[in-house]
Structures are given as structure tokens and as C-alpha cells.
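Residue numbers (this note's numbering), protein chains in the order written: chain P, 1 to 210; chain X, 1001 to 1100.
Among chain X residues calculated to face chain P with C-beta under 8 angstroms, some are: (1) VAL1018; (2) THR1051; (3) GLU1057.
Note that these hints are calculated values from the structure, not bench results.
Heads up, the beta-carbon is just placed ideally off N, CA and C, and yes, glycines get one too.
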Amino acid sequence: MRASAPLVLPTFALGVTFGLLASPVLGVVPALVMSAVVFSGTAQFGAVSVLAGSGGMPLAVGTGLLANARFLPMGFALAPSIDGPPLRRALTAAVVVDASFALAHQGGGRFDPVTVVWAAPLQYAAWVGGTAAGVAGASVLNDPGQLGLDALFPVFYLGLLLPELRGSSRGLLVAALAAVVALVLVPVAPVGVPVLAAAATALLGLKEPS
Amino acid sequence: MTWVLVVVLALGTLALKVFGPLVAGGAEPPPALVRVIDLLTPALLTALIVTSAFSTEHELVIDARAAGVAAGLVLLLVRVPLVVALLAAAGAVAAIRLLG
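Using the sequences provided together with the hints, build the complete structure.
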């Protein structure tokens, strides 16, 4: 749990941003419940931005699910590291988030399920608590950008990425390719697709290292 | 209708997360798959970084965020604690927006 403590600040900040943006679109109670039961920023921001742009409900649902499609390959990546009966495996996988996935990564194809599980309560509290604060503040502060909160997530992920890249020339190559793929797709693909397509650059690993 | 969205996203996300571990839990993957799994983390993190730093929905943008992220990157490269880098990045973005 100690290792996951730095995750709290950016998750709370993102929760505040979601609460601010979502409460005028969805209403106060649905915005809160959504954070409590969906527990995924990418899907929630994707769906709400579609609705805010009057994109309609089916498109919002599709965008949210597509935004989270990366959890499918992530689940297969976690699978070898999670033992035990099906219910236990399902519960461990159910609480994973991007940050705990990266934090639990040990190399050699392994993840530490204990890190995934222990990061979850803090992440959940920060996400739902942040949403509640954002919903409450929606009438007071209408531009979360003023506080620079939107810079927290990329910097936080950088903090997780840099140790992954030290001493890994392949990791660097994949990261560079992933950045290009994601940015090229942003203007033309639905929300979620750029990240999903960028994840496919990991398939470079199929080739034997020279 | 809003509730349909909430319920479908909750169940859909759950299904996406648990599918892999339910069908392939505990199995020993072949070496090629291990290499792919290890590269998935940097690929995903990088994609999340560049999309959250340089885009707003479908537009590529270089704004105050980019400066904050650059500041955070420099601090992290000189091994400053993560929390310090986070606060410095947010502070830099807030300051730029205040002045701009």
C-alpha cells in the first residue's frame, strides 16, 4: 500500500475534474454513482464528452467501452501472475487500474497481484472522493485548468514509465512507436482507439531480441 | 437513459478486466508472449502520457500542459521524488495560465 501512496494525488485530482465536468451533463447523483461503479477515468471521460457534445447515448456507451478495451490485453498480461480459484482471479483482475498495472509490473512477464489488490482501496477512495469534491465544487470553480490539475496525470505516468525504460532499448523503441501511433490517431479515431492501437506496438516483442 | 450508460459501462469494464484472467489464469505463457507482456506496460503508459499531455479530444494541442509535463520530466530525470515533480508540474501550468 505504501508504494501506491503517490497514486492518490493525481487520481484525486482527476476525480475532481470528472466531478466538475460530469455533474452538469449527467446530474449530481449519476456522476457520483458512475465513479463508484465504473471506477475508470478513461471510459467515464469518454462517455461524458460524447454526451456533452450531444453525441447521443449509444455513441456514449460505445465510446466508453472502446476507451476501456485496453483492459482486455491487460487482463491477458496479468493472467499468468494470478493463481487460485476463478472467483479470486476475477476479483483481483476487477480492481486493476492503469497505475496499479504499471506499479505491479516486475518484468519477465510477471506482475505482483498483491500490489494490484492493495492499491485498489486507496485508488477507489481517491477517485470517488475526488468526484464528490468536484461535484460539490462545480458551482464554485468552473475551470479545473486554473489549478494545473490536468498536468498531474501525464507527469505521474512519466514517473511510472521512466523506471520501465532504464536499460531497455526495446522498451524505448516501443515507447517511441507507441507515442507516434497514439498521436497520429488522435485526430481521426474514436476516443480510446489511439491508446489501444498504441498498445499493439508491444507485439514487437514477438520477435526474438537480437 | 443515464442509468443505462452507468450500468453498461460498469458491467462492460468489469467484463473486459476479468476475461483474460478467467480464461487463462495461472497458465505459464510462452517466451514470446512474456516479451510482449513486458512491452505492454511502456506502450500503454507512453500512449496515456502523450494523449493526456498533447490532445484535447480529437485535437492535437501544445499548451501550458506541455510545459508542465516538460518540467515534470526534467525533475524526474534528476530523480526528484514523484510528489515534488507532480506539484511542480501543476504549479507551472497554473502559473502559465494565470499569466497568459
